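2 protein chains.
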Amino acid sequence: MDTTTNPHLRSFIEVNADSHFPIQNLPYGCFRPKSGDFTRVGVRIGDWVVDLSVLEKEGFFEKTGLGDHRVFHQPTLNSFMANGRVIWREVREILSNLLRHDNPKLRDNNDLRSEVIIPVNDVELQLPVEIGDYTDFYSSREHATNVGIMFRGKENALMPNWLHLPVAYHGRASSVVLSGTDIRRPWGQIKNDDAQFPEYTPCRLLDFELEMGFFIGPGNPLGTPIPVSKATEHIFGMVLVNDWSARDIQKWEYQPLGPFLGKNFATSVSPWVVTLEALSPFKCTGPVQEPRPLPYLNITPNQTYDIQLEIFLQGQNMSDRHRLSHSNFRYLYWNIQQQLAHHTVNGCNLRTGDLLASGTISGAEAEAFGSMLELAWKGTKPLRFPNGEERRFLHDGDSVTMTGWCQGPGYRVGFGEVSGKILPASKLL
Amino acid sequence: MDTTTNPHLRSFIEVNADSHFPIQNLPYGCFRPKSGDFTRVGVRIGDWVVDLSVLEKEGFFEKTGLGDHRVFHQPTLNSFMANGRVIWREVREILSNLLRHDNPKLRDNNDLRSEVIIPVNDVELQLPVEIGDYTDFYSSREHATNVGIMFRGKENALMPNWLHLPVAYHGRASSVVLSGTDIRRPWGQIKNDDAQFPEYTPCRLLDFELEMGFFIGPGNPLGTPIPVSKATEHIFGMVLVNDWSARDIQKWEYQPLGPFLGKNFATSVSPWVVTLEALSPFKCTGPVQEPRPLPYLNITPNQTYDIQLEIFLQGQNMSDRHRLSHSNFRYLYWNIQQQLAHHTVNGCNLRTGDLLASGTISGAEAEAFGSMLELAWKGTKPLRFPNGEERRFLHDGDSVTMTGWCQGPGYRVGFGEVSGKILPASKLL
Chain V
0 MDTTTNPHLR SFIEVNADSH FPIQNLPYGC FRPKSGDFTR VGVRIGDWVV DLSVLEKEGF
60 FEKTGLGDHR VFHQPTLNSF MANGRVIWRE VREILSNLLR HDNPKLRDNN DLRSEVIIPV
120 NDVELQLPVE IGDYTDFYSS REHATNVGIM FRGKENALMP NWLHLPVAYH GRASSVVLSG
180 TDIRRPWGQI KNDDAQFPEY TPCRLLDFEL EMGFFIGPGN PLGTPIPVSK ATEHIFGMVL
240 VNDWSARDIQ KWEYQPLGPF LGKNFATSVS PWVVTLEALS PFKCTGPVQE PRPLPYLNIT
300 PNQTYDIQLE IFLQGQNMSD RHRLSHSNFR YLYWNIQQQL AHHTVNGCNL RTGDLLASGT
360 ISGAEAEAFG SMLELAWKGT KPLRFPNGEE RRFLHDGDSV TMTGWCQGPG YRVGFGEVSG
420 KILPASKLL
Chain D
0 MDTTTNPHLR SFIEVNADSH FPIQNLPYGC FRPKSGDFTR VGVRIGDWVV DLSVLEKEGF
60 FEKTGLGDHR VFHQPTLNSF MANGRVIWRE VREILSNLLR HDNPKLRDNN DLRSEVIIPV
120 NDVELQLPVE IGDYTDFYSS REHATNVGIM FRGKENALMP NWLHLPVAYH GRASSVVLSG
180 TDIRRPWGQI KNDDAQFPEY TPCRLLDFEL EMGFFIGPGN PLGTPIPVSK ATEHIFGMVL
240 VNDWSARDIQ KWEYQPLGPF LGKNFATSVS PWVVTLEALS PFKCTGPVQE PRPLPYLNIT
300 PNQTYDIQLE IFLQGQNMSD RHRLSHSNFR YLYWNIQQQL AHHTVNGCNL RTGDLLASGT
360 ISGAEAEAFG SMLELAWKGT KPLRFPNGEE RRFLHDGDSV TMTGWCQGPG YRVGFGEVSG
420 KILPASKLL
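Protein chains in written order, with numbering that gives the first Met the number 0: chain V, 0 to 428; chain D, 0 to 428.
Each hint should be verified, as a subset may be incorrect.
Repeated chains share a single entry, so a pair holds when one copy, or any two copies, can fit it.
[As the list claims (entries may be wrong)] No farther apart than 30 angstroms at their CA atoms in a straight line, the calculated lysine-lysine pairs in the DSS-like style are these: (1) K229 - K190; (2) K426 - K229; (3) K380 - K153; (4) K426 - K62; (5) K380 - K420; (6) K153 - K62; (7) K250 - K229.
Bear in mind the hints are in silico, worked out from the structure with no lab data behind them. Keep in mind the model is a prediction, meaning the values are calculated, not measured.
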């Protein structure tokens with residue numbers, strides 16, 4: 000029994016019931032205090048950040064497998080993530096204990112407490128992980144079907160391979176940015192259906208994609224696949240992902256080698272990495288998989304997580320943000336163990352810090368679609384907003400925010416937000 | 000006038016006329032002396048490696064823009080590559096001068112010379128660059144046409160976008176390995192045309208792809224494209240690339256998002272990075288581009304390099320290697336400036352160390368095809384070898400070696416080799 004997820008656990012730090020960050024969560028991130036000079040690792044609780052570099056210096060983790068190895072006085076989580084689940088659990092238990100309402104050790108040590116517990120408004124968050132390779136899956140049956148219907152018709156909506164393997168492609172690691180980073184509308188080569196030649200123009204069909212991603216802890220050597228039954232040993236935790244997409248650039252370029260410039264101008268991730276430990280009370284079963292996957296992909300039951308997801312949009316002339324969608328991570332057909340096993344079945348090596356994202360997470364109903372392409376059905380059903388504006392795709396000045404959380408009895412374990420605002424395209428090159 | 004490429008230049012180090020590494024070349028690599036304890040940067044000349052970490056320590060580069068900044072006491076070229084062309088040229092001139100037959104400074108300093116000039120057989124070469132992102136283009140018109148004919152028929156061989164933009168996709172950086180690394184035959188999901196369901200099996204259609212790649216020196220900020228006219232300022236140098244391919248895995252998985260497990264089990268690169276300075280005497284014009292590319296891709300003339308390329312195969316029961324192909328880098332339709340400009344036109348950021356590869360380099364004649372898929376025409380025209388063996392695709396135990404060089408008057412500026420041997424698939428998972 001993992002005591003760190005006990006619903007009755009309380010901290011001496013006050014946390015609202017609708018906060019994403021109660022003591023049951025304790026997600027990891029990287030930050031620089033506005034008054035400080037280096038980036039270090041922290042854990043979020045309520046509206047506070049716990050500075051682990053100080054706790055480490057003070058010897059709080061010396062009895063774990065980390066010993067006196069410094070992993071929190073680091074600008075990314077990679078060193079810590081490389082250590083594996085045994086040590087992740089040891090550290091989590093120490094933190095969970097230290098933050099309990101009935102443990103005086105930190106609570107009543109005013110000097111230490113003021114050094115270690117920092118208001119989140121007093122820190123600058125950073126990208127939490129140094130990402131080596133970024134892979135994007137395409138694991139929502141509803142999304143793949145919607146896109147298939149729009150571009151190939153109902154008869155051939157799902158490709159023949161789709162129900163047999165978790166389709167994926169390599170994305171761009173260099174342009175993964177932290178939530179809050181503005182997104183510049185990209186230029187690109189676009190060809191209208193009725194035009195003879197392509198043109199060079201700013202993207203007109205700019206879109207978001209609601210996704211989640213997970214980070215690799217310990218990797219695998221080249222040539223040595225990770226069996227599906229051991230996949231979670233290699234998964235540290237999860238974040239929200241917005242895979243910004245330029246639909247018109249993508250449409251013209253993607254045959255036959257897949258998306259490239261239509262995707263690699265930016266991918267946003269949320270700052271707090273929620274561990275599989277924190278998610279474990281919210282395990283649930285995913286969709287029935289029929290035909291039954293090949294043995295290397297087969298894991299029974301199809302275990303996933305019940306994570307509610309929402310998308311909000313606020314145009315620059317709107318007084319408030321408006322909800323566009325309410326989806327759930329559990330809708331995904333392929334689970335994260337299967338994604339990881341498939342990725343390595345050919346011997347491909349994963350490294351600590353690699354990001355594997357889910358692909359757009361759409362549900363069966365239009366209210367649960369995960370992209371503007373689907374929500375406005377290729378522009379044919381524009382979304383209407385209270386101030387009279389319409390959207391087929393994103394306008395300059397639009398802010399898109401995605402959020403996700405697991406609902407427990409009286410508390411939430413959440414991911415915070417991933418957000419980004421569209422800036423107008425730059426002047427002609 | 001760049002004196003470092005003068006054909007009459009000679010070194011006090013003896014170099015055969017058919018060596019790839021005369022004083023006009025001076026390519027960079029990373030190595031650990033077999034007697035040494037750390038990896039450092041060196042330059043190759045003839046059968047010797049010049050240890051730049053020692054020259055740096057001795058102050059030989061202090062008068063360059065590097066000052067006392069240490070870039071050669073490093074396990075990769077990244078620190079040096081980040082400095083840009085002005086400094087690359089300063090260092091090259093110092094090295095070129097120092098190694099001249101008529102300069103006594105190093106030649107007659109026996110102590111320093113024995114410390115700095117190391118036989119290449121006494122070192123262990125390492126992957127020269129820490130690669131952030133790896134992009135693979137598809138820039139040979141002949142290759143794209145051949146593949147198109149085989150899979151879609153003559154009428155639709157080239158996709159409509161192909162003549163308008165350099166098609167590319169993101170590859171896997173983690174599995175880029177140094178020449179000489181054995182290649183394990185991958186397992187994967189494969190579906191035969193006449194089968195109802197896919198099976199899980201070792202790859203049966205294992206292939207190579209003859210490519211070249213270039214490494215990024217200074218990168219660009221996210222959101223700021225690099226104009227085609229400034230592209231070479233960001234390119235440090237080039238290597239040979241073998242993009243190993245599992246054709247049967249690729250065929251089943253690649254729709255609609257492109258190649259993934261069919262490619263990412265291994266990509267081999269040659270150890271010595273040949274600079275654009277060393278290649279400059281071998282500039283030539285590439286194919287005529289019609290229709291004329293859009294302005295952001297337009298550079299006149301279509302400038303490329305005359306680099307002869309060969310592929311050899313030796314099976315484990317063959318007494319010698321046999322040449323399969325003789326191609327040339329100049330056959331590529333899209334040049335490296337266009338590839339780089341296209342990659343960044345949407346604001347995508349490149350970082351120091353990124354690898355951009357060409358795609359398979361095929362010529363017009365069957366003798367110049369760059370993959371087994373094309374050479375044996377999808378298995379319909381097996382290659383025959385003197386010992387009676389045939390090949391449609393690669394067998395276990397086959398060694399594939401690719402080589403490339405520019406032919407000058409009485410000397411060659413070359414890339415050495417990229418080689419790899421196929422190991423049998425591992426036992427069932």
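Hints that the structure is at odds with (numbers, increasing)
4, 6
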